[in-house]
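Residue numbers (the numbering used here), protein chains in the order written: chain A, 2 to 364; chain B, 322 to 534; chain C, -15 to 418.
Errors might be hidden in some of the hints.
Claimed, not checked - Derived, one-sided and incomplete: chain B residues facing chain C with beta-carbon distance under 8 angstroms:
no. : residue
1   : Arg353
2   : Leu359
3   : Thr373
4   : His454
5   : Phe507
6   : Ser519
7   : Thr523
Read the hints as simulated data drawn from the structure, not as lab findings.
Positions of the beta carbon are idealized from the N, C-alpha and C atoms, including for glycine.
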Amino acid sequence: MTHLPTEEKRQRYRRGLRWAMALLAFVLIVPLIPYGIVAAEGQLGSNTADIWRDARNKDQRDAFRTQIQGIETAVLINNRGEQWRTFREKQLVPYGGYLLLGTLGLITAFFLFRGRIKIEGGRSGKLVPRFSSNQRVMHWFAAGLFVLLGVTGLILLYGRYVLIPLLGPEGFAITASASKEVHNLFGPIFPFAIIALMLMFGRGNMFRLLDFKWFLKAGGLFGGHAADSGYYNGGQKSWFWMTVLFGIAISVSGLILDFPVFGQTRELMAGSHLVHGIIAVVFIAASFGHIYIGTLGMEGAVESMTSGYVDSNWAAEHHNLWYQEMEKAGMVDVEPNALEEVKRHDDIDFKGFGQPNPQTKEG
Amino acid sequence: MFLEFVEGPLWYASVVIFLVGIAIRFYEILARGVKPDLAVPRTDGTAGALRTIVSRSWTAKGFSSGAVFHLVAGYMFHIGLFVLLFFAAPHIVFIEERILGFGWTAAPHWVFIAAANLAFAGLILLWLRRVMHPVMRKISTFDDHAAAWLTFIVMFTGCMALLEGHDGLRALHMLSVCVLMIYFPFSRLMHAFTFVLSRGYTGAVMGRKGVQA
Amino acid sequence: MAKVVTEHDYARGVEVLRNQIDAKIASYLSSCVGCGLCAEACLFYTETGDARYTPIYKVEPMRRLWHREQTVAGKLAKAFGFGSDLTEADFAEWQEMTYDSCTLCGRCSMVCPVGNDIAYMIRKQREAFSAAGYTPPGLQGASKRALEIGSPMGVTWKALSAQIGHAERATGLTIPVDVQGAEYMTLFSSMEIMNFPEYIEAVARIFDAAGVSWTVSSKAFEATNSGIQIGSSEIARELVSRVVDAAEGLGCKYVISPECGHAYTAIRWDGPNLIGRPYEFEVVHILELLDQLRLQGRLETEGFDERKLTFHDPCQIVRRGGVEEPPRNLLNMVAPNFEEMPDHGKMNWCCGGGGGLSANEEAHDLRTTVFKVKKRQLEATGVNTMITACANCRIVMEEALEHYEMPVVIEGVTELLAAHLKPKAGKTEKATTE
Ligand code: HEM
Ligand code: SF4
Ligand code: SF4
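All chains, full assembly: derive it from the sequences and hints.
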């Protein structure tokens, strides 16, 4: 359909490309920053120090010499390793577990208390186009990777406690080996999925005043009516930005861990590991909420990401400002059609992203 | 034990089915015959066929933007798969020991990782597009999904076995390879071979008409 | 005599379909990876967004039959009771996709990554649908008229000779009829005879100036072939035979295919295969002939047409016919402000009226909708004059331009040249520039 691109489309494309390049550069440069810091500090430490400090090589000074050429081969005693081990086993594993199980518990409680959020007006049977097929593809691409990496990652973190009793040590050894390889191989794809998500879903995800009103009413989660919302509501925007920030952090730390061939120090590796582990657990816990509200928790929501169309009553109840724009543009009650998908994002310049609409401002 | 079965009898059986199956498919196609073209050609059909066999590997001028997504993912998948298939160290060892008797240099590790990432990302994207895009939904058959998933499983088990430390994982990979090879001749995966015929036939017709297709 | 089937008989259709699948089609169906790229090339999909108009989906009946009866997997599935045979309902459902939404333009065949000639498959599927009587009434009528009267629009020799009379009076030349041993036998399309008789005058004047030995046959003057469009080889064969008999009877060395796309495909490429032997004459397209005359210095023009103008490549002449350079060479003789449209040449977009659509009233609205792509091409080029070389394209586009209220005029290449013909020494006729 887009064989004769308009100038506007071309510009948008170029802008997108520039963003992608900038992000790529960002992701590639950020991991270098710690090296810079480490390098700078190495030159600063020049005081005398006691022999134990040297043995532990606290100041990164080459106090001892060795024939073995390699990173930190001149370190006699490395207590960072021990610190890292203690943190992982005494803090990350238990508290991470509480967080994950706690989130599941809260969601279950919420479900029992509030039940499924229904489309109040029932289904109208009229369709409103919401996400294009490219958007849906990139969403499931990122989601699929997320689940795969999440599951394999959790096996590596909790397998010892959960799987050894189930599979026995030999069985777990195989599972762990497979999980590690899968996790390490699929990991590097994730940053690209995150970038794709940013490009596909960035438009309309900036916070606006009305999102804070939405937060004040807790989005109508606990009854009452949701406040005004445009294409995305405050909750969705939060999830988007969580995805972006956590996604970048987890990608950068993951890449440092996955390719230990660029002279990373043990300290940097341990630090990256902490960041990676903590964010992973928080990210996964947050995703439970997203997954719940997108499927079981709300009638009529999941269709937007499967078929790309939503019921008009759902749109009117949850995204009233956007719905009004779509109604004006004649995009309510459309036949599913491959072209509409392109059209609604490229040809119709709707502002349904949450600009307070003059008529509804008071409401 | 299981590994021995998979790498022994099952492997040989799959090779036979794969090769015989492909032969049958080619026979099925070629036996239907093509009537000779009696119209006076403008240019040579054979040259046209050869040109099209090569030139359809990239897109026609004046055609692309609507399909960029698919094209990019398609290239990613096929290039990645090709490198994995023929330049991953374990594959070369397998080819040397079990098939050809000689091997060649494996791709460096980072090339291997990059190829695997490309192949996985490409395949997943292609399949997702298949279930998301209205056109793809309309024209996809069970076979398309089966082929994509089988290919994915083969690659995935291969990835799981990367550490080469557990026979069980290796057996799983070999098992899925065998299943894929048995399925291959009866599915759309045949395009990997029949594309020469289809491009060739069209290239010949268009060549005779004097059109570079 | 060949007959137009009007009674539904899907069992007959299945039988015919089975036999249409040659090694080419079998290889195409084996190779198709279901990538959907062909959809992006087809104006019926790009202008409507309807996934049913994906080219390869239009031959789904053919694919199903092939898979079920001609592949190991399908035969096995059938033996175990899986899947289902083609039904009457399939024929009824696919009639629209086989006829109303495909102009046989062949654009899809240029982009398929595994090289499938989908237009060829659709053409072959039409054999089955026409044998089963699942054809649009408009095409049935056109084919009947072609068989019974000699022209799909019901143009008789009487009507043509009247037009020839007009042309003779307008040009002051004699148009040779049934001249034994003439070098070239000229064909016309009904569309030209009825709507654009200027073409007859233009040809007469150019041939006179270039000294071409030519004739019109009163037995076979119609170039178009409804059999190709409805998809009946039998009808097509009979219509081609008439031309072949006439040309060989007159002992002509060449037969000239007129400014009409499908006529060229029918007589140039399909004809010998339909009658089962090579011709005793050669077929040239009028554009090819004019380009030859130009090269030989026998076609001399004077003056220029200063208008900004563009060229619409008729699918069957350019993409499916290989005559891409001649119209451009000819236009460059007289049109200094000639500009190409985006996607011109072998990737040009169809006018929307090929493959029998112009005779198919049921497809009228769809035809108008898909013209939107031509509209964009024209808008991107920003010209108000479009030259083409197919009377069918021309009438279809004139109608659509009117619908979209676009102030674009269309002319034929031959006419444009005739208007700038250098008068023969001794005559005082003057070229006119609008
Ligand atoms: C050697 C020449 C090959 C050619 C020319 C070729 C070409 C193509 C093309 C054009 C497509 C569809 C377009 C696309 O999806 O990008 C495709 C899809 C596919 N190919 Fe290949 N291919 C080849 C080899 C292979 C091999 C060796 C395999 C592996 C077993 C394979 C597996 C697949 C799969 C699974 C898909 C479908 C992906 C999907 O759309 O779901 N191909 N191929
Ligand atoms: S031949 Fe032309 S009209 Fe027919 S399916 Fe192909 S692109 Fe579409
Ligand atoms: S472009 Fe070719 S391979 Fe792709 S769906 Fe169409 S016919 Fe099949």
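Hints, verified against the model:
{"no.": "1", "hint": "Arg353", "verdict": "holds (4 angstroms)"}
{"no.": "2", "hint": "Leu359", "verdict": "holds (4 angstroms)"}
{"no.": "3", "hint": "Thr373", "verdict": "holds (6 angstroms)"}
{"no.": "4", "hint": "His454", "verdict": "holds (7 angstroms)"}
{"no.": "5", "hint": "Phe507", "verdict": "holds (4 angstroms)"}
{"no.": "6", "hint": "Ser519", "verdict": "holds (4 angstroms)"}
{"no.": "7", "hint": "Thr523", "verdict": "holds (4 angstroms)"}
Of the numbered hints stated above, none is contradicted by the structure.
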